[in-house]
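Required output: the full structure, derived from the provided sequences and hints.
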Amino acid sequence: MGKEQYIGGSFASDDSSKYKLKNQKTPFFLQNMNSNKCVLGFETGADALAFVLINWLKNNNKSSIFFPKHYCQDTIKRIKIKVPEVLIQYYQSTEDLLIHQPKAIVWNHFNGHIPIPFEIKKLNAFIIEDAVQSIEAIRRFESNALISSFRKWIEEDIAIVLSEFTDYDNQTTVGPSAYYSLKKEAEQIKSKWKKTHDKTLEKIYLELFQKAENLLLDQNIYMKEYSTISQYNWDDLIATRSKNKEYLLSKLSSMQIEIIPQSELFVVINLNHKQRNNVRKHLADNGIFCPIHWLDSLDIQKANSLLSLPIDQRYNIVDMQRIAETLKYALEL
Numbered sequence: 320m321g322k323e324q325y326i327g328g329s330f331a332s333d334d335s336s337k338y339k340l341k342n343q344k345t346p347f348f349l350q351n352m353n354s355n356k357c358v359l360g361f362e363t364g365a366d367a368l369a370f371v372l373i374n375w376l377k378n379n380n381k382s383s384i385f386f387p388k389h390y391c392q393d394t395i396k397r398i399k400i401k402v403p404e405v406l407i408q409y410y411q412s413t414e415d416l417l418i419h420q421p422k423a424i425v426w427n428h429f430n431g432h433i434p435i436p437f438e439i440k441k442l443n444a445f446i447i448e449d450a451v452q453s454i455e456a457i458r459r460f461e462s463n464a465l466i467s468s469f470r471k472w473i474e475e476d477i478a479i480v481l482s483e484f485t486d487y488d489n490q491t492t493v494g495p496s497a498y499y500s501l502k503k504e505a506e507q508i509k510s511k512w513k514k515t516h517d518k519t520l521e522k523i524y525l526e527l528f529q530k531a532e533n534l535l536l537d538q539n540i541y542m543k544e545y546s547t548i549s550q551y552n553w554d555d556l557i558a559t560r561s562k563n564k565e566y567l568l569s570k571l572s573s574m575q576i577e578i579i580p581q582s583e584l585f586v587v588i589n590l591n592h593k594q595r596n597n598v599r600k601h602l603a604d605n606g607i608f609c610p611i612h613w614l615d616s617l618d619i620q621k622a623n624s625l626l627s628l629p630i631d632q633r634y635n636i637v638d639m640q641r642i643a644e645t646l647k648y649a650l651e652l
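When we follow our numbering, the leftmost residue of the sequence shown carries the number 320, and every step to the right adds one.
FYI, nobody ran anything at the bench for these hints, they're computed from the structure.
This structure is a prediction, so every number in the text was calculated from the model and none was measured.
Hints may contain errors.
[Claimed, not checked] With a straight-line cut-off of 27 Å between C-alpha atoms, the simulated DSSO-like cross-links for lysine-lysine are:
hint, residue 1, residue 2
1, Lys388, Lys593
2, Lys422, Lys399
3, Lys564, Lys600
4, Lys344, Lys562
5, Lys503, Lys513
6, Lys600, Lys518
Encoded structure:
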């Protein structure tokens, strides 16, 4: 791929350093928060969700909680380890929820804010918003509880819970976890590799990162101070992402591909299974690494067809042009 930088993949330890503030500032999405809601910090989204479920189950023992069918099964596996008493069912559509009348629902903001339908609110179920893929959904928080994680937005392993649950209890653990410590070490190595282009460092980073991911299957729920997110200029960071998104979307508009309507965390395209895999490989061969949301999903259609194109603040218009041109070529193969 020549001397061009890689696009995509996890963050290095200093990837968003230019967005650091001299003085902390409450992010715009946590300003004007409802006074009866508390913000608590955790290491991962699974930790945050497990905390909410434990508190909800105190008064709803043996009640099922309904997750979207497309929900990440790796996260579900981790939730079951942390909260073994949880009973999980799945829904495909709003109609499924209206039929089953569940007591609790996880509402997923898939790659952008998706308002909770009025008929779902009328069910009087306990609704947990999963805003891992939407900053705007945090700003518009409208349910009983919301969880989000920032590790796909910046190089910080921080998750939050917004809810009326005010206290940690003996179910939680003071971090850092083994996962967190190893992940931070991997990010430091990646920063050195990006500066030196030393292939040995790349190998070490990839090995450490995978070892860290393997440590996520942990029964403990790890707390973490969330104030670090206030060290970033989120207005400028989101503006850069939005600029990248708009440019990439303008380039994709001339290609005959389906684009998923929400484009907040990534620009997500929909291809047939064989084409998606071929396109992804060609992009990777050219140094553009695109995740799949969600590869392990129970929703086979989504698992087999979606491809997420990076638009984050590490990149600029030139990078978006490169993604578009490489994608166009791949589609024509």
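Against the structure, the hints come out as follows:
1. For the proposed pair Lys388 and Lys593, the alpha carbon gap of about 22 Å is at most 27 Å, so the pair holds.
2. About 19 Å separates the Cα atoms of Lys422 and Lys399, which keeps this hinted pair within 27 Å; it holds.
3. The straight-line distance between the Cα atoms of Lys564 and Lys600 is roughly 22 Å, inside the 27 Å bound, and the hint therefore holds.
4. With a C-alpha separation of about 23 Å, the suggested pairing of Lys344 with Lys562 holds against the 27 Å cut-off.
5. Of the supplied pair hints, the one linking Lys503 and Lys513 holds, its CA atoms being roughly 15 Å apart against a limit of 27 Å.
6. Distance restraint check for Lys600 and Lys518: the Cα-Cα separation of roughly 21 Å lies within the 27 Å cut-off, and the hinted pair is therefore satisfied.
Checked against the numbered hints above, the structure breaks none of them.
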